[in-house]
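Undergrad: Sequence:
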Amino acid sequence: MLPIAVLPVAGLLLRLGQPDLLNIAFVSAAGDAIFAHLGLLFAVGVATGFARDGNGAAVMAGIVCYLTIGNTAQVFLVPPPGTVPPGTADAIAATLATAWKGAAIDKLQVPIGIIAGLVGGLFYNRFATVKLPEYLAFFGGRRLVPILAGFAGLAIGALLGPSYAGINAGVDALSRGVVAAGGFGLFAFGLLNRLPAT
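According to the numbering used here, the sequence shown is numbered sequentially starting from 441.
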């Protein structure tokens with residue numbers, strides 16, 4: 441719940457800085473910075489919450505896992521036809537494809553952050569006390585946790601990247617189905633949205 445506690449402040453800063461209110465660009469930018477990095481905040485918050493003693497190694501593992509998942513998944517993404525117009529210069533085409541991949545991963549940053557936080561916290565609980573042989577002792581214990589989380593992020597990103605199109609289509613179909621269901625869809629959404637809070 442820690443990342444959610446930050447959202448009201450981010451919303452206030454973002455709104456107060458808008459041109460039609462106080463017109464203070466740096467205040468708006470400060471609020472936008474929080475919204476732009478929600479996935480990272482969730483990785484930190486979930487890792488802290490799941491680690492048995494809230495140790496910083498769990499947080500580091502969550503961050504490492506989050507960054508690894510995002511960058512690994514981007515490599516596997518293929519922009520849909522039409523993203524890059526035919527006849528575009530190679531350098532511009534590469535820039536457009538990279539921008540599309542970044543935007544695609546940004547859509548999933550909060551779920552990726554939650555997954556990374558779970559990995560960080562649970563890996564800390566499991567591997568923080570592992571003893572390695574003497575010649576590798578420096579990498580044992582708490583230092584081992586972010587290393588293993590990085591490898592886990594690599595595996596998760598390698599699974600997420602190729603399956604992104606299916607995940608995106610599923611979320612899109614689900615949201616369209618909720619809207620098409622009218623009042624019942626809104627009721628079901630509200631009910632399911634509130635269930636975790638009880």
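Among the hints, erroneous ones may be present.
What the hints assert, rightly or not - Result set (SDA-like, lysine to any residue): computed pairs, CA atoms no more than 20 Å apart in a straight line: (1) 547 with 588; (2) 547 with 492; (3) 547 with 464; (4) 547 with 507; (5) 547 with 574; (6) 547 with 535; (7) 547 with 580; (8) 547 with 621.
Bear in mind the hints are in silico, worked out from the structure with no lab data behind them.
Undergrad: Check the hint pairing residue 547 with residue 464 against an upper bound of 20 Å on the C-alpha distance.
TA: Roughly 27 Å between the alpha carbons, so the hint for residue 547 and residue 464 is violated.
Undergrad: Just to be careful, I want the Cα atoms of residue 547 and residue 507 compared with a cutoff of 20 Å; is the pair within it?
TA: holds, 15 Å
Undergrad: Keeping to a limit of 20 Å between CA atoms, is the pair of residue 547 and residue 492 held or broken?
TA: Violated, at roughly 30 Å.
Undergrad: Sort out whether residue 574 lies within 20 Å of residue 547, counting only the CA atoms.
TA: Distance ~44 Å between residue 547 and residue 574 Cα, so the pair is violated.
Undergrad: Check whether the Cα positions of residue 547 and residue 621 lie no farther apart than 20 Å.
TA: This hinted pair is violated, its Cα atoms lying about 24 Å apart.
Undergrad: Run the distance test for residue 547 versus residue 535: straight-line Cα separation, threshold 20 Å.
TA: It holds: about 19 Å lies between the C-alpha atoms, which stays within 20 Å.
Undergrad: Does residue 580 sit within 20 Å of residue 547, going by the straight-line distance between their CA atoms?
TA: violated, 35 Å
Undergrad: Residue 547 and residue 588: Cα distance at most 20 Å?
TA: Violated. Residue 547 to residue 588 sits at ~26 Å, over the 20 Å cutoff.
Of the numbered hints given earlier, the model fails hints 1, 2, 3, 5, 7, 8; all others are met.
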